[in-house]
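Student: Spelled out from the first residue to the last, the chains are:
Number of protein chains: 4
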Amino acid sequence: MAKKTLNVGMIGYGFMGRAHSNAYRKVSQFFDLDHAPVLKAVAARNSDKLEPFARNWGWESTETDWRRLVDRDDIDVIDICSPNNTHHEIALAAASRGKMVLCEKPLAIDVDEAVEMVEAVEAAGVANMVWFNYRRVPAISLARQMIDEGRLGRIFHYRSTYLQDWTISEDVPLGGPTLWRLEKEVAGAGVSGDLASHSIDTAIWLNGPIESVSGMTEIFVKERPVQGSPSERKAVEIDDVCTFMARFSNGSNGTFEATRYARGRKNKNSFEVNGEKGSLYFDLENMHQLQYFNHDDPSHIQGWRTIMVTAFEHPYMKNWWVPGCVIGYEHTFINALADFLKGLESGEGTHPSFREALATQKTQEAVLDSARNSEWMTVD
Amino acid sequence: MAKKTLNVGMIGYGFMGRAHSNAYRKVSQFFDLDHAPVLKAVAARNSDKLEPFARNWGWESTETDWRRLVDRDDIDVIDICSPNNTHHEIALAAASRGKMVLCEKPLAIDVDEAVEMVEAVEAAGVANMVWFNYRRVPAISLARQMIDEGRLGRIFHYRSTYLQDWTISEDVPLGGPTLWRLEKEVAGAGVSGDLASHSIDTAIWLNGPIESVSGMTEIFVKERPVQGSPSERKAVEIDDVCTFMARFSNGSNGTFEATRYARGRKNKNSFEVNGEKGSLYFDLENMHQLQYFNHDDPSHIQGWRTIMVTAFEHPYMKNWWVPGCVIGYEHTFINALADFLKGLESGEGTHPSFREALATQKTQEAVLDSARNSEWMTVD
Amino acid sequence: MAKKTLNVGMIGYGFMGRAHSNAYRKVSQFFDLDHAPVLKAVAARNSDKLEPFARNWGWESTETDWRRLVDRDDIDVIDICSPNNTHHEIALAAASRGKMVLCEKPLAIDVDEAVEMVEAVEAAGVANMVWFNYRRVPAISLARQMIDEGRLGRIFHYRSTYLQDWTISEDVPLGGPTLWRLEKEVAGAGVSGDLASHSIDTAIWLNGPIESVSGMTEIFVKERPVQGSPSERKAVEIDDVCTFMARFSNGSNGTFEATRYARGRKNKNSFEVNGEKGSLYFDLENMHQLQYFNHDDPSHIQGWRTIMVTAFEHPYMKNWWVPGCVIGYEHTFINALADFLKGLESGEGTHPSFREALATQKTQEAVLDSARNSEWMTVD
Amino acid sequence: MAKKTLNVGMIGYGFMGRAHSNAYRKVSQFFDLDHAPVLKAVAARNSDKLEPFARNWGWESTETDWRRLVDRDDIDVIDICSPNNTHHEIALAAASRGKMVLCEKPLAIDVDEAVEMVEAVEAAGVANMVWFNYRRVPAISLARQMIDEGRLGRIFHYRSTYLQDWTISEDVPLGGPTLWRLEKEVAGAGVSGDLASHSIDTAIWLNGPIESVSGMTEIFVKERPVQGSPSERKAVEIDDVCTFMARFSNGSNGTFEATRYARGRKNKNSFEVNGEKGSLYFDLENMHQLQYFNHDDPSHIQGWRTIMVTAFEHPYMKNWWVPGCVIGYEHTFINALADFLKGLESGEGTHPSFREALATQKTQEAVLDSARNSEWMTVD
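Protein sequences appear in the order of chains E, Z, W and U. Take 1 as the starting number for the first sequence in our numbering and just add one per residue. Take 1001 as the starting number for the second sequence in our numbering and just add one per residue. Take 2001 as the starting number for the third sequence in our numbering and just add one per residue. Take 3001 as the starting number for the fourth sequence in our numbering and just add one per residue.
Among the hints, a few may not be true.
[Unchecked claim] With a straight-line cut-off of 30 Å between C-alpha atoms, the simulated BS3-like cross-links for lysine-lysine are: (1) K1266/Z - K2268/W; (2) K3266/U - K268/E; (3) K268/E - K1268/Z; (4) K1268/Z - K2277/W; (5) K318/E - K1277/Z; (6) K2266/W - K3318/U; (7) K277/E - K222/E; (8) K3277/U - K266/E; (9) K3266/U - K2318/W; (10) K2049/W - K3342/U; (11) K2184/W - K2234/W; (12) K3266/U - K2266/W; (13) K1277/Z - K2184/W; (14) K3318/U - K3049/U; (15) K1266/Z - K318/E; (16) K49/E - K1049/Z; (17) K1003/Z - K1318/Z; (18) K3049/U - K2342/W; (19) K277/E - K1266/Z; (20) K1318/Z - K184/E; (21) K2049/W - K3266/U; (22) K1049/Z - K1342/Z; (23) K1277/Z - K1342/Z; (24) K277/E - K3222/U; (25) K1266/Z - K49/E; (26) K266/E - K184/E; (27) K3318/U - K3277/U; (28) K234/E - K3277/U; (29) K2318/W - K277/E; (30) K3362/U - K3342/U.
In short, the hints are calculated from the structure, not lab data.
Extracted from the complex, chain E is given alone in its bound form:
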């Protein structure tokens, strides 16, 4: 049972603020950790929305200016859940106050910002992590474990998609508290930052660095109404689609595609890795499953097997229920938080760190540059 408290100050009350609040409230019941997070304070500008949010989730206090939150002495860790264009300033301020920093993905608007953020947290020596929560899907962690066990051998192919379909309608507006993801000023980029960043983080984690990319982007809906002012229409400037081919340092070839125009695909964050000895396939729409082909099986009984990743032997699962009982989306945040705390406690570091997320940001930026210039780009 937890012995120390960890006072959390969170910025933002949107979808991610909800997912993180839930994680802070639950992690101590399910993981045996030295630290127990305390929901100390939550900050956002809109007090009318912030107060009921804070009450609902049990945050002890609120701030309407994130700077005050960062200044408070009773806060150990700053958790950034606000839009992408705020990450940089907040992270620098938090690091300069010696706070640990957790940041939602993507790390920053661009590589320049991201580099400064890495330098800031490293100079300050504060623990840091980016919420690439999908690493903590048990099936994806199992994929990593199986690769580490040598079950795939030499890798030939890495094949990734992140497909959704919620922006197809031309009536989906730009802006507003939840739709800033479609605005360039606020989001920085489109699916490249929102979806492909997840795909890239997972790819690098599983298959190592990406050396070069050739990208293609597209804007299918050129103009959208403005949230709160529907008669007004504004040009869409972010990428609706982000597709790229890649060469990894380990010699394998990669393909990536991220879009919100794949009718019928709701959250198809999938990858397939093909190695000499075996292959893996994962799809977030069936997040409790990992598919595996083992070429070492006797030849007449080889086949793609569906591992139901709910056994006690599987990553994270002994902390949850019993075999056969699935966990869901929210648990990836709780698992990530538990890993952060364990990393703190063991001294083994917290991952994915800002530095690790910088590699993803560089890849993402190279893809957009490549698409703009219609040429292959080396990553860094």
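Once you've looked at the hints, dock chains Z, W and U against the given chain E.
Tutor: What follows is chains Z, W and U alone, placed relative to chain E:
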């Protein structure tokens, strides 16, 4: 946001105690209800295990005798999570004190006990519910909704399995805090009560009353070591397997099979309903999906479709995350709790009530009688 | 390349006549056999339909009376593709002339007929086989091979369905050249003979003899129009549904269900076998696949694997195309014919023989008796 | 029943020679056509192998020089099943003799050859077709039909893979009768010609012309033993992998990947088309299925449906067996041949014609050029 508190007194700290505690802690954040459950007190005999459990989950107090819990004036609802052979006595005591009663399934050891429990809660006029939580799987609730919408037409077939594989090894012992499910004195019955009771509750909910059954049971492992005393071996007396054919009141035919000897099946609680106009298929191992065949589609594009039950339009899902983000096992308890509270608040009643669970108990008992006598049995 | 001819005389030109003609024409190109079938003569009463059929398939001659066919000296083997109520008389006549006899399933109208047919072919010492062609689906043959290899261990469960949906409409008539399957006088039985007989043959082949059964049958549509005389309606007397529970000699439990009222299921002839060490699942709707769960795999990578049964190592597949290229329904007849010819040539016998099919007929009859009497029946 | 004969002269006796021979023998039994193909003569250099091949399949005569075959007056159509580097010369000779020409894919070694071949058959006015047999998979033809019916609306994405795994081992040799596909001089190209050409033909057929491409190729195994001389090793010069991004004329984005290094994928020729109103998915490993998502369904019952493409309403299927009975790989050739003959008879032309195949060849060549130059290439 909740206006009234509902003080909960729970008995038991096992697997179900954990699932229920989690539900009491979370329901208020996700559902807009008048009542907020308060984790007032938890009771169990073993104080050494009870205390850390209570601390971990935030129960305000503990009792080592459930009778004291039932007597406390500050308790509004008694939640029975203790082994099956304790349900009857506790429920009667709680009802006589005017407490609402929640009870884990199966309702009782046998029909006689169950009848008395129904009479007790109805005489006392207290709200009551049995935790047949799978009704609250969004996909199963959607199945019910689609049937109510008339999408299947006249029903011909209902086909149910509940398959697990964790008791195959002869080394799995009898007894102990978690393994009482294999002991006749404590569990009353084997898979008929543990697994088939879920199947029957779902079947009756979706397809109406069962009129007659022909059952077959089996004990594959005749003798097992005793938990805590491994050199000792004891005869297994509960049913390892419970299979039956059924005739429903609506004229359809049913097949049911429950077993813990289906190698590779971890929690395959499945059903298929075949109607004149359409069919449905569900499998708890992929609990976010409901399969549907619509005979009204143009003939060249008919097919079994997999509905990913994570959209805002789907039962319970607007209370959780966003489309494409799955929920898991634990959420069925939270959904059930929310329904109980809404039932209280709206005056529409709480379901499945003890009386509804009695129908399941009668069916279950008729199956065991039929298997014993090798003949068809009418259900009540 | 074939050295000897085998002159075939076939009776019937319906759906099975087509499937068999195709098999006779193709087997020599794909299998290296001593015998080459010759399409010598085909017999049927309706000359207007028979002649174009014979021309289309290259049958050298025709007969309008099967007795003349049986009497011809240039015929080596009689192949019975006519309705069920003709099998007995033809088989006896053919055997008495010393012809080999191939017979479509089910073997006979009832056990009495079947016994006489077995006695006739055995007394005459003529090769004989019943076309239970699904044994020759490569995936089912692979299942048998894997069971023989000991991959499943002690068997606990055998679970079978044969689901179709083509008789749901009340407008589907009785009678006529293709719809005799719905008439009791001609078909003898309903789905028990048409579908369940396949299920039983496969079950016995894979899991050994069935000792006792408890059956349930149903007639959902009580009356149908008569083919060719639509204003006339006639009572349906055959079983629309045939469900049964079974106990096998090896101690395992079985469930079987055959119906043509399972909306959306087109040819779901499925089985699952659960053993101590592993399990298998097959569904004819995906006939190129066999699913396998291996409990001997390391526990964290266990899962149901889908074996794509198209490799050279798989039964029959080296005779067909290359790995990854599927074969279909018609090939099961060609494989069965090749096995018949190899059985002849090797002296190892031809399977499933009439005697083997008799065991299926007895099981089928016990199921109908059980359903009629509402009691368990011992098979023979 | 057929009234006219069509005398076929085929060149080659390899895997394709086998598939085509089977098609010529079967098409008349299953399709009602005016023409009946006659297996008149087959040509190949190796007489020892040719003779038994011809006997097995019933070819009436043989030639050891294809030129003599082309010169024969009794031949109506020349069918080219010999390696890629022979297509051009044979096609030109055949056209100049006024023969119809059928040609295995890819049409030619390069675009220059292909252009001459198109000019030759068009100048001669002879019917011509390239065996892109996968168009004739019923599920793919159904996809085309559904697109023509307007079920997808505006197209956003086309996603294609063709994955196999048979060349992973470094011991797979170069050369020989079946392995010429790995030799540049004979095959012209690697997977781009062998696999991607199928993908491109299907893509253009379903989604219209491709305007520009950015390609990436790879050679994973740099050197291989020589067939028949295993101590000798030779550099591999063809592409092991061919990946590309594409822009279609209709504004949609495409991704394509062809490889023989995807462990566990045997014949995964898949495509997905995402449109505003619906999506389709196909995988040749389950060739009897087409998956479809219909956004016009009521929102709570939307889902990906699996159409089992075996109903009488489905393309080609009324010519085969009954609903629920699958056809296989070989039938795609028979369907293609039937379409060729119907095209001849109706005067509606034969497809895919040499001219249509030229578009595929140009795309394929642009991809290789793009990969070589690391830049986007416009297709023609």
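Student: Now tell me, hint by hint, if it's right for this structure.
Tutor: Status of the hints after comparison with the structure:
Straight-line distance between C-alpha atoms of K1266/Z and K2268/W comes to about 23 Å, which keeps the hinted pair within the 30 Å bound. Distance hint between K3266/U and K268/E is fulfilled; the C-alpha atoms sit about 23 Å from each other, no more than 30 Å. Proposed proximity of K268/E and K1268/Z is supported: the alpha carbons are some 24 Å apart, at most 30 Å. Distance hint between K1268/Z and K2277/W is fulfilled; the C-alpha atoms sit about 18 Å from each other, no more than 30 Å.
At most 30 Å may separate the alpha-carbon atoms for a hinted pair to count; K318/E and K1277/Z exceed this at roughly 43 Å. A distance of roughly 15 Å separates the Cα atoms of K2266/W and K3318/U; the hinted pair therefore holds under the 30 Å criterion. For the suggested pair K277/E and K222/E, the alpha carbons sit about 46 Å apart, so the restraint of at most 30 Å is broken. Restraint check: the Cα-Cα separation between K3277/U and K266/E comes to about 15 Å, which is no more than 30 Å; the hinted pair holds.
Straight-line distance between C-alpha atoms of K3266/U and K2318/W comes to about 15 Å, which keeps the hinted pair within the 30 Å bound. Restraint check: the Cα-Cα separation between K2049/W and K3342/U comes to about 25 Å, which is no more than 30 Å; the hinted pair holds. Taken as a hint, the K2184/W and K2234/W pair is honoured in the structure, with Cα atoms around 11 Å apart against an allowance of 30 Å. As the CA atoms of K3266/U and K2266/W are separated by approximately 26 Å, the hinted pair is consistent with the 30 Å bound.
Restraint check: the Cα-Cα separation between K1277/Z and K2184/W comes to about 27 Å, which is no more than 30 Å; the hinted pair holds. Distance hint between K3318/U and K3049/U is unfulfilled; the C-alpha atoms sit about 37 Å from each other, more than 30 Å. With a CA separation close to 15 Å, the supplied pair K1266/Z and K318/E stays within the 30 Å bound. A C-alpha spacing of about 42 Å is found between K49/E and K1049/Z, which places the hinted pair above 30 Å, so the restraint is violated.
For a cut-off of 30 Å, the pair hint linking K1003/Z to K1318/Z stands: about 22 Å separates their Cα positions. Distance check on the hinted pair: K3049/U and K2342/W sit about 25 Å apart at the alpha-carbon level, within 30 Å; holds. With a C-alpha separation of about 28 Å, the suggested pairing of K277/E with K1266/Z holds against the 30 Å cut-off. Proposed proximity of K1318/Z and K184/E is supported: the alpha carbons are some 28 Å apart, at most 30 Å.
A C-alpha spacing of about 43 Å is found between K2049/W and K3266/U, which places the hinted pair above 30 Å, so the restraint is violated. Simply put, K1049/Z and K1342/Z have alpha-carbon atoms about 33 Å apart, too far for the 30 Å limit, and the pair is violated. Distance hint between K1277/Z and K1342/Z is unfulfilled; the C-alpha atoms sit about 33 Å from each other, more than 30 Å. Taking the CA atoms of K277/E and K3222/U, the gap is near 19 Å; set against the 30 Å cutoff, the hint holds.
Simply put, K1266/Z and K49/E have alpha-carbon atoms about 43 Å apart, too far for the 30 Å limit, and the pair is violated. This hinted pair checks out: K266/E and K184/E have alpha carbons roughly 23 Å apart, not beyond 30 Å. Among the hinted pairs, K3318/U with K3277/U is consistent with the structure: their alpha-carbon atoms are about 29 Å apart, no more than 30 Å. Our distance criterion of 30 Å between C-alpha atoms is met by K234/E and K3277/U, whose separation comes to about 24 Å.
Distance restraint check for K2318/W and K277/E: the Cα-Cα separation of roughly 24 Å lies within the 30 Å cut-off, and the hinted pair is therefore satisfied. The straight-line distance between the Cα atoms of K3362/U and K3342/U is roughly 28 Å, inside the 30 Å bound, and the hint therefore holds.
Figure legend: structure checked against the earlier numbered hints; hints not met, in rising order: 5, 7, 14, 16, 21, 22, 23, 25.
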